[in-house]
Amino acid sequence: MQRDVVLLFGEVLFDVFPDGRRPGGAPLNVARHLRAFGFSPRLITRTGSDAERAVLLDLMRRYELDDSGVQIDPVHPTGQVLVEMHADGHSFRILPDQAYDYVSAELASRSAANCVPALVYFGTLAQRGMQSKRALQALFKAVSAPRFLDVNLRNPWFGETVIRDSLLHADIAKVNEEELEVIGQLLRIPVRGRAGLASALIQRFNIGKILVTLGARGAWLLDRDGSESEIAGPVESASVVDSVGAGDGFSAVFIAGLLHGWPPAVTLERADRFARALCGIRGAIPQDDSFYSPWLREWGLDVESPK
Numbered sequence: 617m618q619r620d621v622v623l624l625f626g627e628v629l630f631d632v633f634p635d636g637r638r639p640g641g642a643p644l645n646v647a648r649h650l651r652a653f654g655f656s657p658r659l660i661t662r663t664g665s666d667a668e669r670a671v672l673l674d675l676m677r678r679y680e681l682d683d684s685g686v687q688i689d690p691v692h693p694t695g696q697v698l699v700e701m702h703a704d705g706h707s708f709r710i711l712p713d714q715a716y717d718y719v720s721a722e723l724a725s726r727s728a729a730n731c732v733p734a735l736v737y738f739g740t741l742a743q744r745g746m747q748s749k750r751a752l753q754a755l756f757k758a759v760s761a762p763r764f765l766d767v768n769l770r771n772p773w774f775g776e777t778v779i780r781d782s783l784l785h786a787d788i789a790k791v792n793e794e795e796l797e798v799i800g801q802l803l804r805i806p807v808r809g810r811a812g813l814a815s816a817l818i819q820r821f822n823i824g825k826i827l828v829t830l831g832a833r834g835a836w837l838l839d840r841d842g843s844e845s846e847i848a849g850p851v852e853s854a855s856v857v858d859s860v861g862a863g864d865g866f867s868a869v870f871i872a873g874l875l876h877g878w879p880p881a882v883t884l885e886r887a888d889r890f891a892r893a894l895c896g897i898r899g900a901i902p903q904d905d906s907f908y909s910p911w912l913r914e915w916g917l918d919v920e921s922p923k
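Read in order, the letters of the sequence shown are residues 617 to 923 in the working numbering.
Honestly, I wouldn't trust all of these hints.
As the list claims (entries may be wrong) - EDC-like cross-link-like pairs, simulated, lysine to aspartate or glutamate; straight-line CA separation at most 20 Å:
hint: 1; residue 1: Lys749; residue 2: Asp781
hint: 2; residue 1: Lys749; residue 2: Glu776
hint: 3; residue 1: Lys757; residue 2: Glu794
hint: 4; residue 1: Lys749; residue 2: Glu793
Unchecked claim - Just the calculated beta-carbon pair ranges, DEER-fashion:
hint: 5; residue 1: Pro850; residue 2: His706; range: 37 to 47 Å
hint: 6; residue 1: Gln753; residue 2: Leu802; range: 12 to 22 Å
hint: 7; residue 1: Ser855; residue 2: Val691; range: 15 to 25 Å
hint: 8; residue 1: Asp841; residue 2: Gly636; range: 39 to 49 Å
hint: 9; residue 1: Leu830; residue 2: Leu784; range: 41 to 51 Å
hint: 10; residue 1: Val691; residue 2: Ala811; range: 39 to 49 Å
hint: 11; residue 1: Ser855; residue 2: Ala881; range: 25 to 35 Å
hint: 12; residue 1: Gln753; residue 2: Phe708; range: 25 to 35 Å
hint: 13; residue 1: Asp666; residue 2: Glu700; range: 22 to 32 Å
hint: 14; residue 1: His706; residue 2: Pro772; range: 11 to 21 Å
hint: 15; residue 1: Leu802; residue 2: Gly916; range: 34 to 44 Å
No lab work stands behind these hints: they were computed from the structure. Glycine included, C-beta positions come from ideal geometry on N, C-alpha and C.
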């Protein structure tokens, strides 16, 4: 196993804000953070044959991200999500029929063939297209590694089948509180409440850990053995520019903590604070590496030789 390699499957796209567009997509956001933390993420995705592809590839090279798994689609465009800002947050309009819906299974398997990753990251949004869903299944067959499911329920791009299949392949599942309730309803789980639902999912799908983010109230983790960890949010809230990508930042730090062997409560606390710091910038990923420096110093990470 290559302890620093994380394989990430899914969407790359542009988040289009009222004041401009910024690169995004959960797998790209998580990969950007992991690379800054000293890991070697490999992204498996698909873009259009357009100007947006060139921008994304340039950005990936600038951030020293492996772009060998970024496929090119001659027909469908690079993904876009229209972000609408509101007084109490934001909403998304995710455009249909984008290049990331057409990831090639053969090319995805080939991209993963020469590495033995410490972890495979995947989500639900990129499975809305049947071709990409088949590519993810092929990837699971090609690679044996723990799997981190980052649930991302965006209407109307999810359903019972995608959720059930995703949970069946997950060793760790991350959801927010609202998503946990939706999953419970779709799967007709006859219990309610965070602890009951999470425990039922662990038992039904043989999942090792369920991670639940609670927004301003922190985060909670339940292990298969029944042990729990929870951290509360800060008493005072910081100023928020936007919360786009905050959950992806949380995922990246949680993965880092998992692979470095941090205690669960420490991992949750660090992930929560990092996600809140991301809410103070526009877009999902920092433009400048200096954003990461205080965190790396605090966590004692040697970015030149990740574990």
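Verification of the supplied hints:
{"no.": "1", "hint": "Lys749 x Asp781", "result": "holds (10 Å)"}
{"no.": "2", "hint": "Lys749 x Glu776", "result": "holds (14 Å)"}
{"no.": "3", "hint": "Lys757 x Glu794", "result": "violated (31 Å)"}
{"no.": "4", "hint": "Lys749 x Glu793", "result": "violated (25 Å)"}
{"no.": "5", "hint": "Pro850 x His706: 37 to 47 Å", "result": "violated (21 Å)"}
{"no.": "6", "hint": "Gln753 x Leu802: 12 to 22 Å", "result": "holds (21 Å)"}
{"no.": "7", "hint": "Ser855 x Val691: 15 to 25 Å", "result": "violated (43 Å)"}
{"no.": "8", "hint": "Asp841 x Gly636: 39 to 49 Å", "result": "holds (47 Å)"}
{"no.": "9", "hint": "Leu830 x Leu784: 41 to 51 Å", "result": "violated (25 Å)"}
{"no.": "10", "hint": "Val691 x Ala811: 39 to 49 Å", "result": "holds (47 Å)"}
{"no.": "11", "hint": "Ser855 x Ala881: 25 to 35 Å", "result": "holds (27 Å)"}
{"no.": "12", "hint": "Gln753 x Phe708: 25 to 35 Å", "result": "holds (26 Å)"}
{"no.": "13", "hint": "Asp666 x Glu700: 22 to 32 Å", "result": "holds (24 Å)"}
{"no.": "14", "hint": "His706 x Pro772: 11 to 21 Å", "result": "holds (18 Å)"}
{"no.": "15", "hint": "Leu802 x Gly916: 34 to 44 Å", "result": "holds (42 Å)"}
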